[in-house]
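Since the structure of chain D is already known, use the hints to place chain V on it.
Chains as they are written, first to last, in the numbering used here: chain D, 1 to 286; chain V, 1 to 286.
A hint or two may mislead.
Any copy, or any two copies together, can satisfy a pair, since identical chains are not distinguished.
Below are the DSS-like pairs computed for lysine-lysine, each with C-alpha atoms no more than 27 Å apart in a straight line [to be verified]: (1) K46 to K25; (2) K230 to K172; (3) K149 to K21; (4) K21 to K38; (5) K46 to K76; (6) K76 to K217; (7) K38 to K140; (8) K76 to K172; (9) K38 to K96; (10) K101 to K46.
Simulated from the structure, these hints should not be mistaken for lab results.
Protein chains: 2
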Amino acid sequence: MYDIAIIGGGPAGVSAAINAKILNKSFIWLSGEATSKKVGRAELIKNYPGLPDITGEQLAWTLKHHTESMGIELSKEVVTGVYDTGGKFSILAGNKEYEAKTVILCLGVQATKPVEGEEEFLGRGISYCATCDGMLYKDKNIAVVCMDKSFEREIEYLCGLAHTCTVVPMYKDIDVSAQNAKIVLKAPVKYSGDMRVRHVFFKDGSSIDVDGVFILKGAIPPSTLVHGLKTEGGHIAVNRACETNIAGIFAAGDCTGRPYQYVKAVGEGNVAVHSAVEYLSAANSE
Amino acid sequence: MYDIAIIGGGPAGVSAAINAKILNKSFIWLSGEATSKKVGRAELIKNYPGLPDITGEQLAWTLKHHTESMGIELSKEVVTGVYDTGGKFSILAGNKEYEAKTVILCLGVQATKPVEGEEEFLGRGISYCATCDGMLYKDKNIAVVCMDKSFEREIEYLCGLAHTCTVVPMYKDIDVSAQNAKIVLKAPVKYSGDMRVRHVFFKDGSSIDVDGVFILKGAIPPSTLVHGLKTEGGHIAVNRACETNIAGIFAAGDCTGRPYQYVKAVGEGNVAVHSAVEYLSAANSE
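Isolated chain D (complex conformation) (with noise of 0.2 Å):
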């Protein structure tokens, strides 16, 4: 049992991380991506207060060393589902399943809307899960639409269970060796079908049917991600202690809202941090 577990690698999930260590609580770190990897693409960041005229990939250098030389580890996987257990939480991260007393979300934003029907049917066909629910999908006829190349291995994972595997990368060069894998090249816009999902369509109009579709992405809708957790305008709603309306779950950085700025997701991370401790230290002494 952890006392805190961050979720998210981005500047948010850095200074939690820190701020962990350095306030001597024992955590896990988890993250579908890599540390910063999004602030890695940043051109030229002028507002980092002390790193002036630094690049994305400069910024997302430092952290990384940062969390390093504390000894810090990030587990590189993607948390599917936060569960409040009674006073805990059970995190499930692939087919892992980790225990802590508090949860910090740093789940930064989605760039992608989720499509017509995946809220809908999510638990009723739709998966984002390959290792947790692709044994359920044995020799049936399913799609997997990917977000990120880093997923490629789940996909073969899925293609080596299922009969048929529609595969629908949602992005250039896929490089996936699976005999029944039929690579379609056109985004998905609609999921629909009875009680559960049945049929995906797509842009051009065309439709294929299928008995499950799993979209395989590292950012997966807070409101998804924890059941209960109240959004407001798609952002994690938290006052200014970073506490959400769940006791014991925070959050920090860009899933709270605008602006979208890396000064204000590590300052947020360092106070969500505060609050969880001072959470961890009144259930201590209740």
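Positioned in the frame of chain D, the structure of chain V alone reads:
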């Protein structure tokens, strides 16, 4: 008329100034102390993401360097009052007056509480501003309580005007050349009087009679500085957007509450400027 007046030279003020510059707003940046003076006294900072194991002196230098590299200048002036003049604000600093459409308060936290009677007699014989109110005490008997060596020129100015001048330094090695200055090395504990301040009481029980008292310090309590500003437990009350209860006035950094952390302060400086810019846009489109 400036778009933004930033008050305070600590990390929150630095971040606000950097962002105001980047967002191309006209602004003035006022502080009684040099950039990040207090930061320079910190021994070792481990949780400023991107700058691992930096000393306070190094962080202060790098923050100062960041603003200077962008051509941002700090006006070293003590702000003694902020007044709402209807859709804009008047900022008093010494005998100067600045006008701005918005104000960002980055006041830090006070190490010292006000002494008994200080707030009661403020404006009734007690003043924080030598150059503003000095002339009112020509040939009178005054006390000058001085918190920092940097105000010694103000002491000399006041002694030059007054009949008798009791100087109460709250630091070591006072160096004031004024014939009528009487140095008293005792801490003041209470100001009393009738309609105006009349007496200064010291810790040892002794007292002196005065016509006026000047208290020279960099940090003036927020609610004294800005009439009508809402505070909570000594901190300026703000929402997530760093808005205070007064439209057009924002606050950032330690003055808004715990945790007292550099990275929280720079984050809020950023947020406050973004909120000020939004406020300016809304005001322009009215």
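Going down the list of hints, with the structure as the test:
1. When the C-alpha separation of K46 and K25 is checked against a cutoff of 27 Å, the pair qualifies only between copies, where the shortest distance is 15 Å, while the shortest distance within a copy is 33 Å.
2. Taking identical chains as interchangeable, the C-alpha atoms of K230 and K172 are never at most 27 Å apart, the minima being 35 Å within one chain and 55 Å between chains.
3. For the identical chains of this complex, K149 and K21 are neighbours neither inside a copy (32 Å) nor across copies (39 Å), given an alpha-carbon limit of 27 Å.
4. Taking the shortest Cα distances, K21 and K38 sit within 27 Å of each other both inside one copy (23 Å) and across copies (25 Å).
5. For the identical chains of this complex, K46 and K76 are inter-copy neighbours only, at 24 Å across copies versus 29 Å inside a copy, given an alpha-carbon limit of 27 Å.
6. With identical chains, the CA atoms of K76 and K217 are at most 27 Å apart within one copy only, with a shortest distance of 13 Å there and 51 Å across copies.
7. Proximity of K38 and K140 under a CA criterion of 27 Å is satisfied in neither setting, with 35 Å inside one chain copy and 66 Å between copies.
8. Proximity of K76 and K172 under a CA criterion of 27 Å is satisfied intra-copy only: 23 Å inside one chain copy versus 55 Å between copies.
9. In this homomeric assembly, K38 and K96 come within 27 Å of each other (Cα to Cα) only inside a single copy, at 25 Å, whereas the closest approach across copies is 46 Å.
10. In this assembly of identical chains, the alpha carbons of K101 and K46 lie at most 27 Å apart only when taken from different copies (25 Å versus 37 Å within one copy).
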